[in-house]
Every structure is written in structure tokens, then in C-alpha cells.
Amino acid sequence: MKNILLTFLLSLFYISSFAQEITVKGKVVDGKNGSAIGFATVSLLDLESKPVKGGQTDLNGNFAFTKVDEGGYILKISFVGYAPLSKSIVITKEPTSFNLGNLKLEKGEGALLNEVVVTGKKNIIELGIDRKVFNTDQSIVSQGGSATDLLATVPSVQVDLDGNISLRGTSNVRVLIDGKPSTFGGGNITAILQSLPASSIERVELITNPSSKYDAEGQSGIINIVLKKNQKIGLNGSIAITAGRFDNFNGNGSLNYRDQKWNLSGNYSYRTGDRPGSGITNTTFLNPQTNVAPFSYASQLSNRSGQNNTFKVGAERYFSEKTSVALSGNFSFGNDLDRDDLSQQFLNANNTLLDYGTGLNSEKQIENGYDLNLDFSHKFKKPKEEITGNFSYGNSSEDENARIVQDFFSSNGAISQNRISSNRRNDVTNGTNSYNLQLDYTLPLKNESKLEAGYRTTLRYDDENQYSDTLITNTNNYNKDNTQSNLFELDDVVHAVYANYQNQLTKNFGFQFGLRTEQAYLNTKITGLDANGQSLITPSKLDYLRVYPSIFLTQKFKGDNQLQLSYSRRVNRPRGYQTNPFPDRSDRYNIRIGNPNLRPEDIHSFEFSYAKFWPAVTFTSSLYYRQVNDVVQSLRDNNPDELGGTISRYYNLSKNQSVGLELISRADISKKLNVTGNLNFFQTYFKGQANLGINDNSGFSYNGNLTTNYNFSKTLSTQVSAFYTAPRILAQGTFKEILSVDAGLKLDVLKNKASISANIRDILNGRKYGFTTDNGVFLQDWERRRQGRIYSLTFSYRFGQSNFDSKKQPKKTTQPEDDMGF
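Letter by letter, the sequence shown follows residues -19 to -1, 1 to 803 of mature numbering (1 follows the signal peptide of the UniProt record, and there is no 0).
No lab work stands behind these hints, which were simulated from the structure alone. Every value quoted in this text rests on a predicted model; they were computed, and no experiment measured them. Backbone N, C-alpha and C define an ideal beta-carbon position, used for all residues, glycine too. Accuracy of the hints is not assured; some may be wrong.
Using C-beta positions, here's what the derived DEER-type ranges look like [as the list claims (entries may be wrong)]: (1) F227 x P425: 47 to 55 Å; (2) Y416 x T304: 21 to 29 Å; (3) N455 x F227: 36 to 44 Å; (4) S301 x R556: 42 to 50 Å; (5) N672 x L534: 36 to 44 Å; (6) N610 x L546: 17 to 25 Å; (7) A45 x P257: 44 to 52 Å; (8) L308 x G52: 46 to 54 Å; (9) Q241 x Q638: 52 to 60 Å; (10) E51 x L654: 14 to 22 Å; (11) G160 x A296: 13 to 21 Å; (12) F494 x I650: 36 to 44 Å; (13) I650 x D444: 50 to 58 Å; (14) W243 x Y416: 26 to 34 Å.
Assemble the whole structure, with the sequences as input and the hints as a guide.
This is how it looks when you write it as C-alpha cells:
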């Protein structure tokens, strides 16, 4: 299967080299006064009235359709309060750009109410020289799923079974929502994405080498998730219900009302279900200690069941066409019940059983959180001069009650003399308070140049209070374990200012240069008791001032060819769990410990990109190089306090280098079939570190994604999505390969007001997460799977009205702006 996928992707990029592009553009204006009409619906139909292209005009009434084939078309334009316009046009090979000029709409009271408007679908992928935009609202395979499920279908993005996000194979990626970090749920992006319905997302933007305008956090770049925002006047809404395997049930509903002064919105979503899983941990000690079995095999069966409720409300006030203020809030509460049933075997060098063990890890979690957001925007009289601001506050809490039981027996069934059974209770309370203050200003200058400047402060305060006790043998009483009870506090503060200058030196050549300065503080403190009950306080402080430059050089050529060379410096700051020095003993044979003295990773990223657009094909390629200093890695070693056990700690390694080539393309094979794919090839090198027992290590890897869409008719369509990640190296081992295939079918009913979707995720049951470790002391094979194949059925219904005069409609562009803006 993986070879078929690779061959198909290479064929897709081969097709990209034989095409050219024709662009059709124009401007929609009022027929009486000539004023621009923003948000008008523009459709390009073939001579059989089948939709070819479609979209909305921008703030200034402009629209443009790229990749248009030669031939005859019908152009239809409509907007509330105006009579619809229909115009026949003929497109030839030359010229490659057709400007239809001003297209006038005449007032027509109520004309649109009886008009049936045919609208073309957005392209799934819009490739820019500095970013890739994926219009995900047409995704079928993620229907009824979460944002995590949807991201798994986006080219260049990988998602593991715990919902952790990677970009180009690197997990240190910054995820933004509507261009800013989310304080919801304490900023835990994995939890946020798992609770965010896929149906609420309009598009996903991938920025692999961001400018200084953006937060410097994130080794591999930025994923910006843009949520849907209602542009329709009047009352509109939608509901969706999904039912699937393993008692999975999702429901969400949204309601929006908009007029000339207000935009009011509300949303509720509910999720419940089970996530069964399994796993193995097989360890071979190369030079076993006395009484240590050289071979140990562990397997587990797990299940995570739970439910989550999320509410979102918002109100935006338009004081004028240039000024607006918005207030919104997200509220979430839920609970989870986790259970792991463990089975272990310990064998001697002759593969004879010495001991075996059984275990039960159960944990109940209660999670609550909310955030509040205040946004404002003001456009000045000077075109494109704008100031925006945001203040957000988030609060989250989590209570965990865990029971960890492990019993060990010798091969004859008697109680083991080598290993001690245990029965432990862990109660953990987590609390997080997050703040974000952001101000951005754009000043257009002469000759299409502009200056951007801004300020941002992010504050995050975490505390984790853990209480642990153990069952006294042959009693029902528990005794507090001071060595496993503690309070961990973390303060993470970042202040930043930036400035970007952009200039178009010639018609085809432009540049952008930016500087971002960040002052960061990371303070941790652990408070606990030693075995004798004496107080222990261990503080740690880290503060640093860094400057992060970025530069972009862009050259355009004839035929819509573009080249760009870019450089940026970035940072990856340690996470809370990576800095917490208190051992995680949920698996006593595989203990994890953080390091409060970790330094942030220092990242230097170079990228050389090429983009080309043809009538039926879009194509970009990026050659990139990245060097990371002070690499944060988890290293595993023998645990001297537990016979046959391992322990992993986080360390800073000296250096990691990666060089790669990424190819992304979309091809319209026919009017019914289109294909989008990406391939990413890269070579990785880890510099050895003798004091940690790490040798130089290097290796080649690749990953790819392929999505096909086929329209059987105007109302019936299907989608198949597949991705493959080849094994890739770590400092001490290798990540295992992953292969997954999803498929979906969608039927529009009730005059396109409703749809029924059926999908299957992970058809081949290959979505897993695992790695192998070889540190010279032991070999370990670790693997986890979750859920397996998921079947689900979704019904969604949309309702609403649109009956407000356009002249009173607040003008607010929905077009994504490129980072370079050339």
C-alpha cells in the first residue's frame, strides 16, 4: 500500500510540469453610484450551467478565478437587494489574464429572494509562496470528528494516537486559533483540538517559516486554524449529529444573528464514547545485573471513556464600517475514566519464565475550563492602515484520582521473591491561569511598501498538587508516601515586540525584513517532604533575552512562477511536563522524570520555495534546512532502583540538523475528480554527546499524504485520504512507521440544506504510535494503538435567511492575507 501511495504521489508531481494558467478577474460595483460591493457571490458556470468556480468578492468588490480552462462560460453575480447579473464570456489561450472590468449590479427590491444561486466550491488547497491554505470545510472523512481528526487529513501534518501534532515530521509546532494562541483549557492545545468540532473549522493555514510578526515559538513552524465566521445577514444556524462505533456520539448546534450593528453567535457541542486500545513494551537487557531477567515482555489492554460539553458564545458590535469590538467566551466541562490492564513476563537468558505480573491502572478525571476574549479592530481613513488588539484570559482545572495495583508471582504461582507487589493511590489537582495581551498595527507606505509593528505578552501560571499513599500489607489502611507527594509550580512569562518592513522594489521583486525581541522567564518550584517528613523546596529560574530576525526575498516570473528565499530564527521552550522533576510512576518499570534546568531550543531555519499555477494544476516545492541547538530529547537508561526497570529523563543535546525537500500539488483530473498530495523527504543528523552516552546518529526518512475527491453528481461525492510516515531516527532509536487510510461518502438532500455522511477511519488498522530504543544497555520495543477502525454516520442540517440591504452590511474581508503580501 505504501509503495502504491508513493508512486501515485510522484505521478501527481510529474503531471504538474505540463500545464499553464488563465486568470479571470473583475470588480462588482453598484450600478447607480459605482461603489464597490463586498461579499457578492460570484459563480463561473460552464455552458451546461454546471459550477466551475465560485466565491465572494473582497472588501473592495474584487474577485479573481485562477486556473480557468479556455472555452465558453456563464458568469453569475448576486447579492441581497440587487437583481442578479448573468454574463456570457469566452476564454482563449491568449492573453493569460482576462479583466472583465467593473460589473454593475442594479437595485432590485426582493430580487434575490426568488433567485436560486448556483455557487461553485472552493478549491481544497490554495498554494502560496509562503503558506499553504487548506479549505477544510469540504472534508468528508472528518465529518462528525474533532479538529484532531481533521488535521490528520491535511498534507504535511501528522497526528499520533494521543492527538499530538507534528509538521513535516517534527512535533515542536506552534498551533494558533484565528491567529492567536488560545488560553482555553489552560492553553493545552491537544485537549483544545480534541474538543473542537471539525465542522467549526473553515480552513487550516500552514506557515513553515513564519516572519517576525508571529510568535517565535515552534521549531517546525505554525499551524493556524481559522474558524468559521458567519457573513450572512439575518438568523442562520446549523445542527449535526454523529453516531459511530464504540458508543461514540457527537452532537453540535450553532446559531447566529447578524444585522448592521451586531453579530451574535452561540454554539454547543457534546461528545461521548469509548477509545479502546492496546500496547506492548518488550525490553532486552544486553548486560543484565544480578537477578535481573534479560528479557521482559509487557502487554496492556486499555480503554478511555468519557464525555465533554463545550459552549461558545460571542457578540460583536459594529460601531461603524471601520470599527468593531467583540467579546466571546468558551466554557467546557467533562470527565474521563481510564483503565489499563497490564500483563508482564520476566524470562532468563534461556527464555525460561522466572516471574510474571498483573496490574491495574485506573484513573478518573474531572476537567473544567473557560476562557474570555476581548477583540477590537479599527481601520483608518488611509487604505489598509489598521490596528487590532486582543486580551484573553483562560482558566482550567483538573482533578485526577488514580489507583495503581501491581502484583508479582514466581513461575510456580507463589508470591515473587524478586519483585515487590504494590497498591498505590495518587490524587492530583492541576490548575492553570493563562493571559494573552496582543496589539498589532499596519501602516501602508508609498510604492506598495508597508510597516507592521506589534506587542504581545503571554502569561501562564501552573500548579500541580500530588498526594500519594500506599496500602499497608494485610490491612485496609493506607500510609502517606512523602517521597511521592509534592506541589509543583511553574510560571511561564514572555514579553515580545516586533517590527516588519516590506517593500516592492520592482514589479516582480520584493523583500520583507523583520525583528522580534522576546524577554522570557521560566520559573519552577517543587515543594515536598523527604522520607523523614522534612520539608524540601527546590526552585529553578531561567530568564533570557533573544532577538529573532527574519528575512524574505521574493521574485516573480512570467506565467505566475514565484521563487522565495527565507530565513528565520525561532525557539522551542520546554513544556511543563518536561521540566517537572517529580517521577511519573504510573508504570513503575518505565518511569519518566522531567528536568527543571532545561534550556530552550535555539532554531535557525532556511527555506527556498518555488510555486507555479496552471489551469488544472497547482504546485509548490520547498527545499529547507534547519539547525537546532540545545535539542530537548528524552533519553532512557537502566533504573538502578527497580530490577529490570527503565527510567527516562529530558536533556539538552548539543545539535540536530535536518535538510529536506517538500512537494505539494493539486490536480483537477476532470470536472468530477481532483487529487491533492504531498511528499516530504528529509535527512536528519543528531550530534553525539559523550557525557550522556550518545553517539552521532543520522538517517533518511519521508512522509506523504494523498486525498482524492470524486463527485458522482451535484449531490453525491466521495473522498479517500491516506498518509504514510516512514521510520525516522531519534537520538537513541527510531520512530516506527505509520500508515492510515480514511474514506467517506456524502449526500446532499433537502435542496442542499442537509447532508448525510458516512465514513470509515483507519481502514487498514495501521494508525499506531511506537518507537525502538537502543542505548547500549538495553533494547526496547514500545508500541501503542487506539480504537482501530471507526465507522460513523453524520446528519447535518443548515437553516437561515438573508434579507438585509448590503449597504448597511459591515464590511469585513474574509480573504486570507499572505505573510509577504506581494
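* To do: Could you check the structure against the hints above and give me the numbers of any it violates, in ascending order?
  => The structure breaks none of the hints.
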